[in-house]
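**Student:** In case you want the letters, here they are:
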Amino acid sequence: MTDRKDGLTFSVSRRTLLAGMGAGIGVLAMPAIVRAQAETVRIGFPTPLTGPFGAEAKDQVRSAELAVKLINDKGGIAGRQVELLVRDDKLNAGEAATRTLELIEKDKVHAVVGALSSAVQLAVNEVTRARNMLYVSISQSDTINEVKDFSRYTFHEALNPHMTTAAVAKATFKKGSKVAFLVADYAYGHEMLRGFKRAAAAIGAEVVGEILHPFGAPDYSTLMPRIRSMKPDILAICNFGRDQANAIKQANDFGLKKQMQIVVPVLLHNQRIAVAPDVFEGVVGGANYYWELENSVPTAKAFNDAFRKMYGGAIPTDYGAYGFTGVTALLLGMQKAGGTDTDKVIAALQELKYDVAKGPQYFRKCDHQAVQSVLVLRSKAKADMKGADDLFEIVANDPGSEDMLRSCAELGFPT
Amino acid sequence: MSSTSHAAPAALRPPQAVGEAGFLSRWRVPLSIAVLCVLPWVLPSQALAVNVLIYGLFAVGYNLLFGYTGLLSFGHAAFFGGGAYITGMAIAHFGLGWFPAMLVGVAGSSVLAAVIGALSIRTRGIYFCMVTLALSQLVYYTALQASNWTGGENGLRGFTVAKADVLGFTVNLLDPMQKYYFLMVFAALALWFVSRVLNSPFGAAIEAVRENETRARACGYDVERTKLLSFILSGALCGVAGTMSAIHLSIVPLDALHYHTSSIVVMMTMLGGAGSFFGPFVGALVFLLIEDVASLWTSHWQLIVGVVFILFVLFLPKGIWGTLIAWRNRP
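Chains A and B are the protein sequences, given in the same order.
117 is the number of the first residue of the first sequence in the working numbering; add one for each residue after it.
158 is the number of the first residue of the second sequence in the working numbering; add one for each residue after it.
No lab work stands behind these hints: they were computed from the structure.
Do not take every clue at face value.
Capping the alpha-carbon separation at 20 angstroms, the derived lysine to any residue pairs in SDA-like fashion look like this [unchecked claim]:
{"id": "1", "chain 1": "A", "residue 1": "222", "chain 2": "B", "residue 2": "446"}
{"id": "2", "chain 1": "A", "residue 1": "190", "chain 2": "A", "residue 2": "418"}
{"id": "3", "chain 1": "A", "residue 1": "264", "chain 2": "B", "residue 2": "249"}
{"id": "4", "chain 1": "A", "residue 1": "222", "chain 2": "B", "residue 2": "454"}
{"id": "5", "chain 1": "A", "residue 1": "224", "chain 2": "B", "residue 2": "190"}
{"id": "6", "chain 1": "A", "residue 1": "222", "chain 2": "B", "residue 2": "338"}
{"id": "7", "chain 1": "A", "residue 1": "222", "chain 2": "B", "residue 2": "199"}
{"id": "8", "chain 1": "A", "residue 1": "264", "chain 2": "B", "residue 2": "309"}
Distance windows between CB atoms, simulated [stated by the list, open to error]:
{"id": "9", "chain 1": "B", "residue 1": "459", "chain 2": "A", "residue 2": "264", "range": "34 to 42 angstroms"}
{"id": "10", "chain 1": "B", "residue 1": "324", "chain 2": "A", "residue 2": "519", "range": "52 to 60 angstroms"}
{"id": "11", "chain 1": "A", "residue 1": "518", "chain 2": "B", "residue 2": "320", "range": "33 to 41 angstroms"}
Note that the Cβ used here is the ideal one computed from N, Cα and C, for glycine as well.
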């Protein structure tokens, strides 16, 4: 008896539930209808807002929003306004793939820009490649250039470890210099090591040793005496983010800087701010962008001024600039193509020559890698800093050239 | 199975069988499938619905061990990720079709579960947690180092399944709705299988082990074997979820094997209600939905998820579904 009564209660609540679900479907379908009429150009932007690269990700979002605003102010893409859909990928490849699927399937984006880790960008690349979706990647990687992961829909706006290590080595290595390496034991660390070793061989520098450390290691104190015993002239620290600040800090505590020059493939603006100036003092590293470029490059000045105006005097950072150049390049391609037709935009991007923040850039035909200038920076001593943002001095600004990249044949493309 | 082939004595009937008696219990598989059928229509996106399907099944598999057998494992990412990796590698490196690849994935994760289970099953309590955690970390580091096979840190790629031929029909897996219902078939079969297992004498035996191990042993059950078999079944089900995830995302991230994945499934199971049939699915649904909606709204979404979880632990220790069932059966 009770059973039956229970069953009845359930069926009533189920009916209510179904009615609720019906209403839910209606509500969900509505925005789709409204959206179709507005005809905006939608750009998906997955980026790790939470996690260890959160600061860089927020800079990327701010720069990307600036890029969208500037294009919209000038009338958008053939009269259509542009909208940026920012999603948190949590620095997790699976999450990024899900978010990208959502952006494509639910939000019906016309292109995706973003990601800030080798693994995450490769995941997004895999999803966009299968669905013929335009993707502009703004995270460093050598793997994405190789033929195995090539997608004709993907354009790689960021530098890659091969380029930055070559530029840093050119500025610091000499024939006969002894070089030691401290390397984070993961894909990106190994790519940087490979780049440095190649440059060392070309220049004629001698490799005296390499030490691997686990990704995310807080303590490097046991490694420092080993590095000292190798007696190098140059210590190349191949890691990223917080690891970089920790490793340099401890090398400093051990007085290694007095005996050797410390170099890094990528000198990070936010990591430098996170610690005292004397920790990074004298460290040399590569970068895609530094705001003081405005003294020599007019478009950098325009970018900085627009950024300052929009964000109350703040200046853009290195990884932030990727958000700007990546989104702007894509939108320029769309403008040239007169819309969002994928094949036309690809053709336009392949032909595009652009100079939006850091001097002339273009995408190489075979692997869609952005050919662009590479900066080499030296971290300033506190006494030399003219203000809180005056962090680095520009040692070299290598203009973009395909000679910086691995050749198409080496990457596995038919020539 | 020999130890469990005789019928369970009435005294050892699972308390759940009493708890979920009646309509809900008798029709639990069709009802669950009915709920799954409407999911992609009511959730914010189909990609989220597929994730609910995958993590729901992952939690159901985990629940077989945690909720029904009473063993708290911290290493189930190994079976989830293992299933995903083996399926992906079977397609990427050996050119297998999607179905043989999925079978290989499930078989592989079952073997992995048998090995890890055999090594850990004789420990109990916190030691069991730690041994499973340590062994699953071994799997993680193996995948990290064998980068020629697994893609290492960059994750496994290059095995997108765009179309699947099923009994003469072609399913377009790039279409989110077709993909959802395609994968739902596997989830439905797995749910039916779990229900059968729980209704079998073996289902009663694992709950007997959970309730009172000494007494179960005194009744003549081979406790270690029962636990091991439950461990393997649980690992196999998590493997099914893993292979589904490989087909869904067309990548296998290294994070799939990370202990964080193991902890997520514990949270989902507890949130929904450990030891109930549909609870883990509810847990996965609520967990992923909060995460999805809150992270669109604010980058401090973790705060919201954390507070919700604390509230549930404090006020609904039986989980969402477990509390509902208890409330329905109140005297």
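**Student:** List, from low to high, the hint numbers that the structure doesn't satisfy.
**Tutor:** Structure breaks hint 5 only.
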